[in-house]
Amino acid sequence: MLYHGPVGLPKDVVPGPALMRCELAPGSNIQFTPTDISVRID
Amino acid sequence: MNAHLRLFLAAAVLLIGLGASGGTLDEVRPKPPSKLPRFVSPKPLYGVFLFGKEKPTAVWAVLDRIKRDSESYDVLYIDLNADGDLTAANERFAGVPPVRIDEELRSTFTIGKFTDPVSSSIHTDFSITWRANRVSYKMKWNGNQITMGGFGTDPDTYGNFSDSPNKAPVLVPGHDRPFQFQHWMSGSLKMSRENDFKLFMGNPGSGPGTFSCVDDTFLPKADFVFATLIYKDKAGAQHQMKYELRQRC
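As given, the protein sequences belong to chains A and B, one line each in that order. Oh and the first sequence: position 11 is 11 in this note's numbering, straight run, nothing missing. Oh and the second sequence: position 47 is 89 in this note's numbering, straight run, nothing missing.
What the hints contain is simulated information worked out from the structure, not anything from laboratory work. All figures in this text were calculated on a predicted structure; none of them were measured in a lab. All C-beta atoms in this analysis are idealised placements derived from N, C-alpha and C, irrespective of residue type, glycine included. The reader is advised that the hints may include incorrect statements.
[Unchecked claim] Partial pick of chain B residues on the chain A-facing surface, computed with a CB cut under 10 Å:
hint	residue
1	Ile164
2	Asp167
3	Pro197
4	Met233
5	Lys240
6	Arg290
Let the sequences and hints guide you as you build the complete structure.
Quick look at the structure:
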């Protein structure tokens with residue numbers, strides 16, 4: 001029931017709050033609303 | 043007032059609420075049921091399902107006990123015709139004897155086929171499961187693929203029914219609305235290693251642990267999720283990095 005994948009962080013990132021904007025890849029026929037998810041970088 | 047008129051008015055109240063609030067579920071709470079059975083438990087547990095999109099239908103569910111000292115919640119009342127009256131004989135389900143799985147006591151109520159009284163859509167294999175720390179549901183939307191909930195961002199935050207109808211979780215099953223996303227145990231990203239970023243896809247509800255999701259077979263095989271990290275560097279400049287989430291479990 002989960003959709004997932006590897007996320008390696010960029011070298012210039014600093015610890016603290018960030019956003020992960022989630023959406024379906026172009027070409028999908030499924031209706032969705034892009035969703036901003038708050039994450040924390042440690 | 044006849045049943046059809048009451049149903050129409052209930053739908054109208056919900057629609058007015060959605061329009062006035064811009065449609066955010068946090069601001070829309072269906073009116074509590076108007077007629078309740080005499081409960082045995084001193085602490086019945088309330089939840090409400092919001093079906094459909096254009097004309098949302100509020101279906102209340104209340105868990106009770108057969109005996110005051112029952113080990114589990116073993117009776118479910120569910121307002122299948124959405125008329126606000128939970129006393130109809132066909133809206134009472136006695137749970138099968140509770141089972142213990144991995145030290146956890148569960149009662150599962152099998153409702154089976156549910157016909158949305160407003161849209162006439164038929165959903166199948168509808169079940170609600172009580173556990174001491176949460177209540178979950180599952181059904182096949184329009185008789186096809188699964189919708190289920192309610193989920194939080196980790197197992198400790200999965201949703202539970204409430205002892206007050208005014209604080210009852212609002213769950214939004216289904217595949218009718220544009221899907222949104224919620225992370226699962228991925229709110230903290232480590233700089234020291236690669237992270238496995240995991241997502242539910244579905245509908246947010248109202249209240250803690252009320253996300254309803256599709257399963258991992260819902261998306262066509264060619265579809266996947268794009269995730270864009272929006273972050274700042276040491277100088278405060280904003281950057282983005284994109285990831286393709288192509289795995290499922």
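Now for the hints, and whether the structure bears them out:
no.	hint	verdict
1	Ile164	21 Å, violated
2	Asp167	16 Å, violated
3	Pro197	13 Å, violated
4	Met233	5 Å, holds
5	Lys240	4 Å, holds
6	Arg290	6 Å, holds
Hints 1, 2 and 3 from the list above are not met by this structure, while the remaining hints are.
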